[in-house]
Amino acid sequence: MSALFRVGDALRVYRDRHPVLWRLIWTVVLVAIAVYMTTHLSATTDGLLATGACMSIVILGLSFLTGASGQVSLGNAAFMGVGAYATAIWANHHTTTPVAVVLLIGALSGAAVGLLIGLPATRLRGPYLAGMTLLFAISFEGIVLFFGSWTGGDAPLQLPTIAVAPQWFVDRFSSSIPLFTLNQMWLADIAIVTVGVSFFFMANLFRSRTGRAMRLVRDNDVAAELVGISLPHARVLAFVVSAAYAGLGGALYTLVTGNASYSTYSLGLSITILSLLVIGGIGTLSGALIGGVIFAYSTTWIDWIVGKTGITQGGNLAANLPNIIFGGLLVITMLVAPYGIAGAIKMGAGKVSRRFRVTRMPMASG
Amino acid sequence: MIGSSVRRVATYGAAIGLSAGLLATGLAVGTASAGGVPGVTASKITIGATVPLTGIASPGYSEVGKAARAVFNYVNSKGGINGRTISFVLKDDCYGTPNFGCTGTPNTATQTNALLALPVFATVGSLGTPTQDSVRNLLKSNGVPQLFVNSGSHDWNNPGTYPNLFGWQPSYTVESKILAHYIKATYPNQKVCYLGQNDDFGTDGYQGLVYGGLTPSIKTMYSVTSLVLGGASYFTPFIHTFQTSSCKVVFLDTIPAATAAALGNAHSLGFKPHWVISSVGSDPITVNNVLKGKIKPDPEIGATSFSPLPTAATKSPWKAWITKVLLKDKADFPSFKASSPIDGNMEYGASWGVLFAEVLKQAGASFTQASFVHTLLTNAFPGTPSLIPLQYSASNHQGQIGGLVDTISSATQTKNVGSGVVYKTDSTPANNVTVVPGQKPAGGPIPSWLS
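So the protein sequences, as listed, match chains A and B.
First residue of the first sequence: 1, per the working numbering; consecutive thereafter.
First residue of the second sequence: 1001, per the working numbering; consecutive thereafter.
Looking at chain B on its own, in the form it has when it is part of the complex (with noise of 0.2 Å):
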């Protein structure tokens, strides 16, 4: 009997010895941050971001926020911002989406919860619209702020409701009513069909073609599980439907992965539409990547885009710069040679991480992160890659809002249509599609302290 009580003091006993010893694994006590702003020191400050390193999203995506990682290395290489370098954590979430190669963790929230326990000053550039949206309220209720969401959703222009959420990129939809001016103004009285995400990427792109006073004649969502699934027969039934209505022009809100797979359909079957496709799936590179190259001459060639970017084909100084940039990473880009090209999603990253580094340097030497939301809010800072300066404002946490209509002239470049002309727009419902007069496209000048 007494052996019964030792048998089960010696299994509770064990069974807490074990797990202590488990948790003395991540043991140790909560510190505080000196000075009271989490992921700031006199040396450092400390930012993080999510991103698809590997999974279904990684194709061309794991390159954006490394690309940002390397432009803060070479901030960090030139002495830093006010004596101060940036370390920028990448969190593996797999966009939120087990298997299919993933390495991370596919939770955003877990991921999240990660870099705030480092802690980080700010997300900054984390991607993906379900996924940021699925932490606002987390980063929110700890103060921190959740900087450049990669993403053209409405979602992070919220000022009322998340007063430190920030986007980047051009909205869907001012893209979109861009790219309506654009067909109407090229292809007059021609049928076009609409095949779209069905998420808010396409409800968003469709919006705007509608507000751009461009009303599809077949509009069609596609789910990205199914094509996951399915591969790329999914969208079979989808082109051969354009095919037989005889649409001219097929606009595309798809993700690099679904572009590809309408591509290779209508080559199949012999289907050729002009093709406007939504900057976030255009890349030709990686797009050619998801074909493997097997369709020659590349399907894509000829397509129209858009980009609040300097195109391949421009001579902007810029390219150099991110060369330059990407060159002394050997860490981020092994493979990355001077003569390499330079792809959607490096130039992408490599454009925030300059905004933010000038945002920085604005903010000063002492800041906190309620006064480095100040500085963003307050100042327009032309000195980055952007075609049109960013300038945030009390009304406008979106971020970028407008760009120019580019075509792929090649299996690796884009192309300014026509001489680079910078349209403008917003997300209202309004026709308001406008020249921004003299704007290059090449973009902002380069800081002198970046050079």
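So that you can see chain A by itself, here it is in the shape it has in the complex (with noise of 0.2 Å):
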């Protein structure tokens, strides 16, 4: 047992003199064991894991603006969108961009638009700057209409081919598998990658420097200033990772589903977003996790509930049901777990760990 303590104080101290090499360990080693996992499951939980890779980019980038500036957005879903449009305009375009390009030129445009808004929005605090995100979500569909040549317009934008599997990747598995498996296979892996690469990005910046003057910034922004900080200029910078994110997250939906279309985005996903961050957990990269996994399985849990409850198909309360239990969640969420689910595991898990130290203390000093 002390063999094992001492391998773990030998582990922290390593995490503690390369912390980024430690997480880039720690993000390899967890994606290697995802996309093995991929090739055991089903095409339906391929598709639903890259459904939720999505949206757990999206929800972290708003758990930075959130969580680590202090700043609310509701137009998320909106910045989504842009990736989403970006990415599906730049493919009917230009149809060999390799995936990784494409799905970056998603970020981009989200930045760009992040940027634009950013700018004067950051001059707003509290319900003002969430009034003003609420606007361009409200006016992101006609957006999308006046700019109809170039969007589709009413129509889905598709994408000219679909994001399939390549020969490399097929030849890998038995030829009596579907086609349609191996592409939701690849998808999923692409996702998962995907999310790898954007949580250490996040969390390398979120204990930096620049991280850390955020966190001044929205605990007590006259120390920031006093300290030299730029207000604007940390707050725009939030500003325009939280819609880098929600673009990726975008583009990243635009491969899994073929297609943008506007309606997808609206000002509901935005709230439901906002709710998931809650839910999951504000400020941490396993809450982003667990919102975008509650995303992903919403659909699926709500079938089930009206299934066995009997709730008649296509009535008032099977309508409203996703919004009743999303409500229910958040409202559940702060009375019970203010951190959200993270929050709470972490907090259970501490309570066992000072139960385990006070049992070893004794151990220690005999």
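Since the hints were derived computationally from the structure, they do not count as laboratory data.
Each hint should be verified, as a subset may be incorrect.
[As the list claims (entries may be wrong)] Using 20 Å as the maximum straight-line C-alpha spacing, the simulated SDA-like pairs for lysine to any residue come out as follows:
(1) B:LYS1140 <-> A:PRO160
(2) B:LYS1140 <-> A:ALA344
(3) B:LYS1330 <-> A:ASN92
(4) B:LYS1140 <-> A:THR96
(5) B:LYS1330 <-> A:ILE311
(6) B:LYS1140 <-> A:VAL164
(7) B:LYS1140 <-> A:ASN92
Please dock the two separately framed chains into a single complex, following the hints provided.
Encoded structure:
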């Protein structure tokens, strides 16, 4: 047992001395495990994983904006839409662009629009900032329709070709596995790798000098100014990062669904993202992952509830059940676990570890 | 300090464990299809469709896929086709539009992926132009035929790019050319005004009028989104303009909700033109349901429309057959009685359901997706309710090429104009509407194996 503790101490020392490398190793290991799992999951589950991955990236971006810099945005679904349409428009004009570059274009588009809106918006605080982002969310449909010659207007803008698994990927599996299953597996793997990269960058950003500066701006903007931090610069940067992550999530979702449609990126989705952020846990990486998984599986669970309870399909109750459940989860979370599911798990683990620490001390002194 | 590490490990471990537990709700190894044809086994063929079972487009349209399913259930009750039963899975995509009572998943790509995961042999009778446009590449890349799309868009007639994509109903252009021919003959030199949907339904429909030699004096395009948000009053300025401009004939390329809005506004304004309404939005039962029967007499009575299928008043043997089929399907039509009228949506869905069953029978006991499509392309299918026998070809994936002009005779029925002459044409700019000689308005003969 004492050897185990020595190994733990050594790992902790290594982690403290090489934090970026430590996070990189963890990222690679977790991504590899997840990618391996996709080869043993059904096409449906792989599809849900890909959807959950898209949403977790968006939630993480909002988590950074809210948790790190204390700002609120109701327009993240619209920023998702910006990334989605940028991806679809680019793909329709440049069909051979690699997937990684296409995703980067989606993220940069989100960032550019985030900068455009963030520059004036971050001069506002609290409900006024929320109101401005709400304005963007509501006007998104109109913007898409206005630029109808680019966006396709009312009709969804399709990708010219669906993201299908390359031949080298297909060759690794038995020929008896349906093409659709392999394509879903490939999409899920792209999504998982994108989650890994984006979470790695966010973890490092959060713990960097920039991240610390933002938290100081959040907690005490007077003190932040006194130590030389530019408040507008910090707030705009947080807004741009959040929009970039939303754009990346939208770009990835376009790859998963094969098209971009403004009706997907509605104000209702922005509210859902905010709810999932709170339910998962603000300011935590694991909270964003949990939020993404809940989003992906929510339709499955709601269908199960409707099936088991005999609620009439198409009735008022069934139509509003998602809102009821998300709203209810939000209220319960605020009452019982204000730091979200991730926070509740951490606090529970903390209680266990404190009990363990008390048990260990007599052994160490003995 | 150790406690901190334990806490971190516990946190990540619990997060991974939670995720694994959630994933276990769908954990299964991907299975191969025996024999290599997706959706086909020795005893069953699985097909699917994405349709608006709930949500903004569900009034009326939710019955279409269910009527087809009733046909397949009836075929199954008679032993299936070549030893196989037909399993028809309907996925609710809410026409890709969230809210408005939607309890499905308002994303056609997501629902189509759910069908592909089953897997399905083909999608049959999925509904909507933008919705089906959004999944053409998805289905093509997965090699799954997209059959009998419920929409009159030209987008389904693109054999070069989408060889496994087929429409079924006449194109909006074909319908409008035939109705233009009728308007010119019946209302010569009278002012015609046009109200259409601001997508290809409206643009193709308007183009068909022009191809048919009729250019409306006023052309107005409406937005479905604006109609949903603004309600019927959104149409008030349009109808008022028609009234003040002395339009004698008003042509509507409108969905049922928009038809009701136009008729309701005209009633309020005291405006009584000759209405000519696309078959997409003219079914009297559906429109009357939208109006909730509040306007008496029904303002649609006397309006002219178009039908590629037998009208309600025609003594077609298909009416009795469809009634028999719907009566047996209590799950999809729990309130349907022998005396219930068959509305246009039920007839529509039953008709392409019959077509699929006939193609399947013709395809034989052993078939692939490619051979099924070949069967569809190289045979005529006269034994369906369609007034003109279906005949697809390498250059025609659109579907039906004509029909007759009918009139709304009551709140629940349509009847032929005149003796029910059947016309045909195509979607080209040529003004080439012709009569199909000897064609009866009762549809084709019912195959003996379906009786």
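Given pair status - ILE311 (chain A), LYS1330 (chain B), alpha carbons within 20 Å: holds, 19 Å
Given pair status - ASN92 (chain A), LYS1330 (chain B), alpha carbons within 20 Å: violated, 46 Å
Holds or violated: LYS1140 (chain B) to PRO160 (chain A), with C-alpha atoms at most 20 Å apart: holds, 11 Å
Agreement of LYS1140 (chain B) and VAL164 (chain A) with the hint, judged by alpha carbon distance not exceeding 20 Å: The given pair, whose Cα atoms are some 11 Å apart, holds under the 20 Å limit.
Restraint check for LYS1140 (chain B) with ALA344 (chain A), where alpha carbons must lie at most 20 Å apart: violated, 46 Å
Agreement of LYS1140 (chain B) and THR96 (chain A) with the hint, judged by alpha carbon distance not exceeding 20 Å: holds, 18 Å
Hint consistency between LYS1140 (chain B) and ASN92 (chain A) [alpha-carbon to alpha-carbon, up to 20 Å]: Holds - the C-alpha atoms of ASN92 (chain A) and LYS1140 (chain B) are around 17 Å apart, at most 20 Å.
In summary, the numbered hints that this structure violates are 2 and 3.
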